[in-house]
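Given the coordinates of chain A, work out where chains B, C and D should sit on it, guided by the hints.
Read off the chains here:
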Amino acid sequence: MKYHAEAGGQHYEAEKTGAGVRLNGVDHEVDAVWFSDDEVRIAVDGRSYRVFVRPLEAGWQLNVLGRNFDVSIEEARARSVRQRAGSRAGEGGQHEVRAPMPGLVVRVLAKEGQRVGAGDGLVVIEAMKMENEIRASGSGTVDGIKVGPGDVVERDEILIALRPEASGAEEAR
Amino acid sequence: MKYHAEAGGQHYEAEKTGAGVRLNGVDHEVDAVWFSDDEVRIAVDGRSYRVFVRPLEAGWQLNVLGRNFDVSIEEARARSVRQRAGSRAGEGGQHEVRAPMPGLVVRVLAKEGQRVGAGDGLVVIEAMKMENEIRASGSGTVDGIKVGPGDVVERDEILIALRPEASGAEEAR
Amino acid sequence: MTLHEARRLRRVLIANRGEIAVRLVRGCREEGLQTVAVHSDADALAPHVMLADAAARIGAAPSAESYLSVEKLIAAAKRTGADAVHPGYGFLAENADFARAVEEAGLVFIGPPAGAIETMGDKTKARAAMIAAGVPVIPGTGAVSSVSEAAEGAARIGYPVMLKAVAGGGGKGMHVAENRSELEALFERAAKEARTAFGDERVFVERFLHDPRHIEIQLLSDGERTVHLGERDCSIQRRHQKLIEEAPAAAIDDDLRRSMGEIAVRAAEAVGYSGAGTVEFMVEGGEFFFLEMNTRLQVEHPVTECVTGVDLVREQLRIAAGRPLLDGRDPPQPRGHAIECRINAEDPVSGFLPSAGPIHHLEIPSGPGIRWDGGIRPGFDVGLHYDSLLGKLIVHAPDRSSAVRRMRGALESLVIVGPETTIPFHLAVMEEEDYRANDISIRYVDDHPELLKRAAGELPEVAVSAAVLLAARARRPDRGAGTRRRGDFQRAGPGLPAWVTAGGVWR
Amino acid sequence: MTLHEARRLRRVLIANRGEIAVRLVRGCREEGLQTVAVHSDADALAPHVMLADAAARIGAAPSAESYLSVEKLIAAAKRTGADAVHPGYGFLAENADFARAVEEAGLVFIGPPAGAIETMGDKTKARAAMIAAGVPVIPGTGAVSSVSEAAEGAARIGYPVMLKAVAGGGGKGMHVAENRSELEALFERAAKEARTAFGDERVFVERFLHDPRHIEIQLLSDGERTVHLGERDCSIQRRHQKLIEEAPAAAIDDDLRRSMGEIAVRAAEAVGYSGAGTVEFMVEGGEFFFLEMNTRLQVEHPVTECVTGVDLVREQLRIAAGRPLLDGRDPPQPRGHAIECRINAEDPVSGFLPSAGPIHHLEIPSGPGIRWDGGIRPGFDVGLHYDSLLGKLIVHAPDRSSAVRRMRGALESLVIVGPETTIPFHLAVMEEEDYRANDISIRYVDDHPELLKRAAGELPEVAVSAAVLLAARARRPDRGAGTRRRGDFQRAGPGLPAWVTAGGVWR
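First to last, the sequence lines map onto chains A, B, C and D. The first sequence lines up with residues 21 to 193 when you count with the working numbering. The second sequence lines up with residues 21 to 193 when you count with the working numbering. The third sequence lines up with residues 151 to 657 when you count with the working numbering. The fourth sequence lines up with residues 151 to 657 when you count with the working numbering.
The following block holds chain A by itself, in its conformation from the complex (with noise of 0.2 Å):
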């Protein structure tokens, strides 16, 4: 059986094999002791791991040595047929800065127009009694500011549209 996951923002091309899985192309060695159905004694390769499992609504959350994992995961066919009947979202020339937690804006370092580099700050926001800068992780053009000092932002919520560079750059993150 073939899967599609995604995990941290990585995507996996998936299978159950006889012995385990393969991770993109990767064989693993996988031995596994459920001891109830959120927790599993998972063996990877010849090591070995306590894993808590907490479903969500398209696939797990799952806790490994402190970590926490939000895997979504498909069946490849499941996910060929429904690719095939959607609409293709998200596209276009903008990249979009997200809140990558929510919080209090506290100030915005970028400006309209302004060029940016990777790494350059673009917005501050303060939560748990920190400041926290979000950075650019590309260069490009800002291209609309979203939010302004005062705001309260979720998590996810667009803070800066950002005019890649025509090499392509990565979502700011």
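None of the hints are false.
When the alpha-carbon atoms are kept at most 30 Å apart in a straight line, the in silico DSS-like pairs for lysine-lysine are as follows:
hint	chain 1	residue 1	chain 2	residue 2
1	B	Lys131	C	Lys342
2	C	Lys275	B	Lys149
3	B	Lys149	C	Lys603
4	B	Lys36	C	Lys603
5	C	Lys222	B	Lys149
6	C	Lys392	C	Lys603
7	C	Lys392	B	Lys149
8	A	Lys131	A	Lys149
9	C	Lys273	B	Lys149
10	A	Lys36	A	Lys22
11	A	Lys149	D	Lys222
12	D	Lys392	D	Lys603
13	D	Lys392	A	Lys149
14	A	Lys36	D	Lys603
15	D	Lys273	D	Lys342
16	A	Lys131	D	Lys342
17	C	Lys273	C	Lys222
18	D	Lys273	A	Lys149
19	A	Lys149	D	Lys603
20	A	Lys149	D	Lys275
Simulated from the structure, these hints should not be mistaken for lab results. Every value quoted in this text rests on a predicted model; they were computed, and no experiment measured them.
Below, chains B, C and D alone, put in the same frame as chain A:
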């Protein structure tokens, strides 16, 4: 709203009042804060307790200060309807001595036809490496021994049938 | 074991289950050792299996087919490449044949030499060895055949005395005489009862202790040096099962403490002991008498760890690896006071009947000076095949009264939804005046039948009240999950009305 | 406070939230004191509210409207009949006006006199008071107006030195000069930058510490006697936020320890201190310099409690009640080694970005030498209004290397399903060689950027593998809840094949 409740073998006529709960005719002031669906902090007559809640089929298991109570509860109206419709079960001239927990019968102390008094040992059941003597709670005549040494019994399985004295012995427990 | 011959252990098979297996897995890991758990079919999903580096099934649920099977354990150790075996306590921990079989299989037995286990495991041999070593035992006679012989013995021993059946045991056929005339009146009856009960009319005379304490000394020996780590008071027992243990024993003075420690060291040296062990004494009125020696880690070892800062499992592992105990240092003085409550799956309100079934919800207390050594997890099904110990709640505080208060708070925060447990019993003890005043003996539980009534208390009505609220809530779905009625808290304005805690907290 | 004037406290309002409020509720209860929790609207269902004897709502979620509102807190104390206020740390704990308002309302402020808070809270006043008391401060000049004046100061102080903007702060506008020629080259640039950044071109010269440790001394004073309880090494910081703290500081010798302790006591006495407090120092090459004094309980107080056996909250409460500290006894010597890891709702893999949301599942580690001081419960929604500290994981073990291993095991057993936390960072530190060798300074986190990569590791692939198994399982309902595939454990016979733990445990 009136309820009938059973807990720990006791019957309670219960009623939700404005200030709390009336139990078997006695008013109690009750105040509660629900911290989640399965955890409540409840104050009864000015003393407060943390109570953990687990749903059962016809009631709840409630954990208070280390004790677990299976409380079955139903609305008085529903109960009276059910009682009129239902049959009277569990009647007869015999009392049954049942296993208070699962375990292994190691000895049967009572003999068929023997007269026993309150506190007399009837059967010894082993569980968790401890021998537990099951005793008569009232006097009567042994009218049937349902188990023998080596039998594995479940909780509430009948061990001994007892014909009570005319004075009306309680069920042994 | 050759003394201080360093040998490197790599992988330890834990020949046990429950909380002690969990404790040992953790202890081994901290020493850089891998662990192999063993499990019966009933324990395939038990916490010690979950935590260990490897697990081996050793048989069906009954102990005789799994945890008590010497062959299966040795085979599992071989199969998993273990080079040492830790027996824990109970099961085969004090079985000299097992210790021998482990060593003969070329594995290290993490415990004393088989010979020491054997001597201490035989009551008669142990008593003889202790008398030879100058360790005080409870004064007694051999079998006496007449009233005058009994009276002679009693005069030597000192009244009160007990007449006991030679063939007896478990408290049956014992008669207490406060003086000679009582002894004379009782002698015939005791002999007759002994004949009826055991088919052997012989009786003997032994010193009777009115209300002794059970106090035991923790020992460590690396074969070259034997030291003691102070004492534990384990007087709170029921049917010879310890329920609460403490360290130090606040009832004895430093002279007695020192003397008991020295005698305990002598007892261990007399049998060529090494590893961790405990010498148990009955203590009354400044005198102490050898009861037995446990040639293994005790259930109650954590209270000693708390007050001394010594990790006894670490010491066991290091001694087994041929290293000197305590890295060659002197044993530390105890600091503060520690109490352990055994949380058993037994219902104290119903005469401590065993209680089984799944753990539906588990909440472990945390915070300063609180330790939980547990062997359960949510979803684990507590069965009836093994003993009833679910875990141990241990507190450590600057002094005994603080420790008692800390334990009360910890017990209130320990939530086990599922089988009945001894938590209500312990809560009642922590509030009982004699216990708080440390006025206790091994008769404490018998002397305080009201404890069990107190453990019952008003709680059924609280539960029913909660059920009524739940039933009323169920009728109004708008007051669903997590909602809170406004004003619940400070209904009556100033002061602390309904919300003042009293439930087990303020009186 | 009149010295040793015994006054009976009955009910303490805890003017705080989170783990410290939980800690204080427990501590008060153990001393026989009732507690009143206060809460903002965001915290109505928080653990400290659940545990306290009474609770008072004090306002909306933002701190300024609740936990920072002096009037609301005083009003809540009056309304609930509290007779004392414990400020915890943070919020109003070091606000002299709050301390005064509490006392003026006729309540006991559980902390130092307002005057001591005031002096120590003002950097300039504090430095002057410390110099007057003979406490070493980092050598520096006043504002210098020329290169030659700067060089003169630097010669007196000794190189390396730092040029800092008088109006600066937070690490901006600082330049390090290793010798005079570097200083001369940097002077103009530093002045210019200072003018640009702060509109004030004045700079001053200060001794530069290459890689100092942050070591602090815990103090207790009852107004008559001031003692120190040894030190803590809090060098592992990020942006001046402590992440890991230990006691004792294994890097300093007994002479330095004694000297720092004596100086810290002198510092406290110089400002008329009473209660619990901490004097922070920068330590480098056998020298130490006063940084600041925290006039309150510290977040990291548990490591001192572990190694000394002293309960600092209990001492605070007793001192506030006019009783002598430590019941008049001398402070104990430290025993063993303790480490604390701050578990923050921050994602170390994404530059420690704050992370919020509900706690879906919480599993707290237990066992010997493990302490959890937490402020969360399952279902609690971690918001963004307050700081990110979810709880503190503390271990205590016989020595530092055992403590590091114990912490690793405890971190592996601490499960928080919900927001991202600093657990992966701490796991990486516990395996990092410099940390294990105790070769650390306040620059440790900057010097080890690979830690955050290590915290990322192969875990995404493990998660995806688990998801694939879950997806495959979901297709076969016969392999549902709790089932176990036979043979999972010892698939390849002897040895430990797939099941040998490696994940973070064996390498």
